[in-house]
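First to last, the sequence lines map onto chains A, B, C, D, E and F. Using the numbering used here, the first residue of the first sequence is number 1, and each one after it goes up by one. Using the numbering used here, the first residue of the second sequence is number 1001, and each one after it goes up by one. Using the numbering used here, the first residue of the third sequence is number 2001, and each one after it goes up by one. Using the numbering used here, the first residue of the fourth sequence is number 3001, and each one after it goes up by one. Using the numbering used here, the first residue of the fifth sequence is number 4001, and each one after it goes up by one. Using the numbering used here, the first residue of the sixth sequence is number 5001, and each one after it goes up by one.
The set of hints was computed from the structure by calculation and includes no laboratory data. Note that the structure is a prediction, hence the values are computed from the model and not measured. Careful: at least some of the hints might be erroneous.
With a Cα cut of at most 30 Å, we get these calculated DSSO-like pairs of lysine-lysine [as the list claims (entries may be wrong)]:
#1 D/3005 to D/3023
#2 C/2005 to A/23
#3 D/3023 to F/5005
#4 F/5005 to B/1023
#5 A/23 to A/5
Here are some chain E residues pointing at chain A (derived, C-beta under 8 Å) [said to hold, decoys possible]:
#6 4014
#7 4015
#8 4021
#9 4045
#10 4076
#11 4079
#12 4082
#13 4110
#14 4147
In this text, a Cβ means the ideal position worked out from N, Cα and C, and glycines have one as well.
There are 6 protein chains.
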Amino acid sequence: MMKRKLTHLDREGRARMVDVGQKPASPRRARASGFVRMAASTLELVADGALAKGDVLAVARLAGIQAAKQTPHLVPLCHVLPLDHVDVDVRVDRERCGVTIEASVACRAATGAEMEAIVAVSIAAATVYDMCKSVERGIRVEEIELIEKSGGRSGHWTRSDD
Amino acid sequence: MMKRKLTHLDREGRARMVDVGQKPASPRRARASGFVRMAASTLELVADGALAKGDVLAVARLAGIQAAKQTPHLVPLCHVLPLDHVDVDVRVDRERCGVTIEASVACRAATGAEMEAIVAVSIAAATVYDMCKSVERGIRVEEIELIEKSGGRSGHWTRSDD
Amino acid sequence: MMKRKLTHLDREGRARMVDVGQKPASPRRARASGFVRMAASTLELVADGALAKGDVLAVARLAGIQAAKQTPHLVPLCHVLPLDHVDVDVRVDRERCGVTIEASVACRAATGAEMEAIVAVSIAAATVYDMCKSVERGIRVEEIELIEKSGGRSGHWTRSDD
Amino acid sequence: MMKRKLTHLDREGRARMVDVGQKPASPRRARASGFVRMAASTLELVADGALAKGDVLAVARLAGIQAAKQTPHLVPLCHVLPLDHVDVDVRVDRERCGVTIEASVACRAATGAEMEAIVAVSIAAATVYDMCKSVERGIRVEEIELIEKSGGRSGHWTRSDD
Amino acid sequence: MMKRKLTHLDREGRARMVDVGQKPASPRRARASGFVRMAASTLELVADGALAKGDVLAVARLAGIQAAKQTPHLVPLCHVLPLDHVDVDVRVDRERCGVTIEASVACRAATGAEMEAIVAVSIAAATVYDMCKSVERGIRVEEIELIEKSGGRSGHWTRSDD
Amino acid sequence: MMKRKLTHLDREGRARMVDVGQKPASPRRARASGFVRMAASTLELVADGALAKGDVLAVARLAGIQAAKQTPHLVPLCHVLPLDHVDVDVRVDRERCGVTIEASVACRAATGAEMEAIVAVSIAAATVYDMCKSVERGIRVEEIELIEKSGGRSGHWTRSDD
């Protein structure tokens, strides 16, 4: 069951960091995904690179991992979490004509790592854009979303439950 | 006219930062946008906050401005640019049922500020997600894209030209 | 009872980070405050903004929260602490003619969060200065101080105990 | 002559970064100061360290220099400036019973470096507090203020002009 | 016993952060060292400074401590660790004609702090280079290496065991 | 001709950032190198990865590029420079039995980019260590040094001139 109010706003509507001091640390996981749509001809350049050296995908993957660790310095009200694991998967998807990105983050903490997964996907996607923009400026990042999370009081959630 | 190859990859397909040492600094602008789709009931909570104190929108706007300045540390092959201006507009859009984000960035530099605009939108959108996720985990960030850029050798470009 | 020597200096007087490896993590809180003195006419501009959109105060509050998380990267000998909570309160105080700032920080750690509270206040105050300096360059930040701390071996302390 | 409105707020009262794109780069200087008041006995510990190895003062000086370079990432609406010079002076002042801090910053840019000087002083002061707090928790940072600035359209200003 | 494969690469050879979610936090220590070789005349300038105010050595020591805390943001696949202690020793070594650096790091975590020690030494060494390069550009950093580590499943290791 | 004193220390021997305000921006280049010595069997694992996906080398290259951009935040007295180009080359060297790293940095600035090149090599080397340490803890980073620099008042310098 979801809450009915924005926990990041106090009674007077001002932004605040949620106090997690009463919550024990527990194992938590979050998974998010995103898609970078591009022309088939651009995608082939990415894929060729991928076959040869994998660099567009490799750079995006690393950028995503590093961004996850920067999350509390990017999203103002996030907590600094001791991440146990960050995995960012970046793949050419010829059927949908673009690059799919999926990030998984795990930690043992008093609050979840959903934002780390979302930020990892967002910056990995921006990195794909950066590396391809000289060829196709109109590339579009689409559908950044949480797909699953587990742990904490609210338990397991998957997008399909919604 | 767009280039035919990925300038971020050298002849051997390895990632590299593009050398802009031969390019003079010139005024450049970039504008990007994004959309955060959410349930009408969540949007009303955001809007109510907005009417009272504006905080979800205000926090997202600031997060976007600050993220623009962090771009070279987030997107691995970006240059550090002396930004003259960053503006991030975050608005409730009841018609489309979500929050629209638009970032404008200006600099006088040897390379453009497209990535600063894209990153500002991406992190502003992630911040909207963060502040609303206790109410609706399924919120989706959609359509992060460049809408216009000017300056530099390639001149003026708008999405509608494409 | 306070210590008689500067624990940040070793026997030879060189700076060092204090080793907290033998101390268990325990709940700790710290509260600090500060004051930004300005002309009554400037304060009214801040207050008007505050009534309409609250932005000077809102921006300062966020800057303080984010700075608290950056403390170990700003104050050289501070530990990286897993903060459970950061709250920064920024208010117009017409009686004293200025803006009062108060920061509260909580963590469960082997060392206290006093510096996070002090840094949050300092940067929130600098942000108030930044946003008002086009109107009044002579604004002065005054009286940044710890007002209370609890937890750890030295227990509870308030300024009035001193 | 000072401006009559807060240039960091747009017409709707929302925070924004000021656009400096029409202003040429020109040499600018700013000088700020602050004072850290402490008990005479604490000051002697600092001074002794200073005579032997100078570390409290040396650490504070370095922390101030490094903080100046982080200013745009700490104060949300500041521009990233190419600083030509940062100097932070930290001295024992037995007469006033405390540590005086003065920071000078110079750059060639479209906007001034006042905030870099203010932030350098603020973090140097916080660092003095950090290194002395095990001995005296009630130490107070006082009177952080701009003392002089030159360059730019508004020209030369000193505190005494006010 | 050492592992036979690179745990930072997954089965397909892509970079990944190792998942430490199944490992309990335990006390860990790591010690690394390095050497900065320079001309005897340069070393005397460093030593004279050291005798008077200790600054080249003091700045290098602080830079090393701060770099240790930045390790996860510098080395892409490192975890963010809650460091209990960082000590960086920087000394003039007339016999070997250079500056020796040794860093010790301790934490209670699910993975070791070897990289924090290596990074602390590396940046302390680079800082010595920076402060002396106006006198001798050919200074060389040599022999950055782990000298000891303890804790975790693989237990105690010293260089001499190898 | 080299200077006879440490320009980073003022007359009283305290650390300071050199004032470059009187120096015009001019094109500058710097090149540095380093070597990571390892067992032949470890090198083959790196090389195999390199042949398949190139990841150890690719991750080190990216870490070096990103570290170059962080130099002023790592080396305390460095200026923030607008880098035009950073290139980091990381190669398996079977003859010397290790990985060679070379970084080239270019900027148009009032001071040189030597430190950016040194830091890029240092962090790329640390990253190679990180990715191989599960297989061979005793890997050693050797010979980080400037090999060439051009531009500025002191003109062109190569290691062989020394």
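Task: Agreement of hint residue 4014 of chain E with chain A interface, Cβ distance less than 8 Å - done: holds (7 Å)
Open item on the list: Between the alpha carbons of residue 5005 of chain F and residue 1023 of chain B, is the straight-line distance 30 Å or under?
Closed with: violated (36 Å)
Task: Supplied contact hint for residue 4015 of chain E, tested at 8 Å Cβ to chain A - done: holds (6 Å)
- [ ] Against chain A, run the beta carbon of residue 4021 of chain E and see if the smallest gap drops under 8 Å.
- [x] Given a least distance of 4 Å, the restraint on residue 4021 of chain E holds.
Open item on the list: Checking hints one by one. Is residue 4045 of chain E an interface residue toward chain A, by the C-beta closer than 8 Å rule?
Closed with: violated (38 Å)
- [ ] Assess, step by step, whether the Cα of residue 2005 of chain C is no farther than 30 Å from the Cα of residue 23 of chain A, and give holds or violated.
- [x] violated (36 Å)
Open item on the list: Next item in the hint list is residue 4082 of chain E. Is there a CB on chain A closer than 8 Å to its CB?
Closed with: Interface hint status for residue 4082 of chain E: holds (6 Å vs cutoff 8 Å).
Task: Given pair status - residue 3023 of chain D, residue 3005 of chain D, alpha carbons within 30 Å - done: holds (19 Å)
Task: 30 Å limit on alpha-carbon distance, applied to hinted pair residue 3023 of chain D and residue 5005 of chain F - done: violated (38 Å)
- [ ] Starting from residue 23 of chain A, check that the Cα of residue 5 of chain A is at most 30 Å away, please.
- [x] Distance of about 19 Å is within 30 Å: holds.
Open item on the list: Hint validation: residue 4076 of chain E versus chain A, beta carbon distance must be below 8 Å. Holds or violated?
Closed with: Since the shortest Cβ distance to chain A is 5 Å, the answer is holds.
- [ ] Answer holds if the nearest beta-carbon of chain A is closer than 8 Å to that of residue 4147 of chain E; otherwise answer violated.
- [x] Cβ of residue 4147 of chain E sits 27 Å from chain A, so the hint is violated.
Violated hints for the displayed structure, listed by number in ascending order: 2, 3, 4, 9 and 14.
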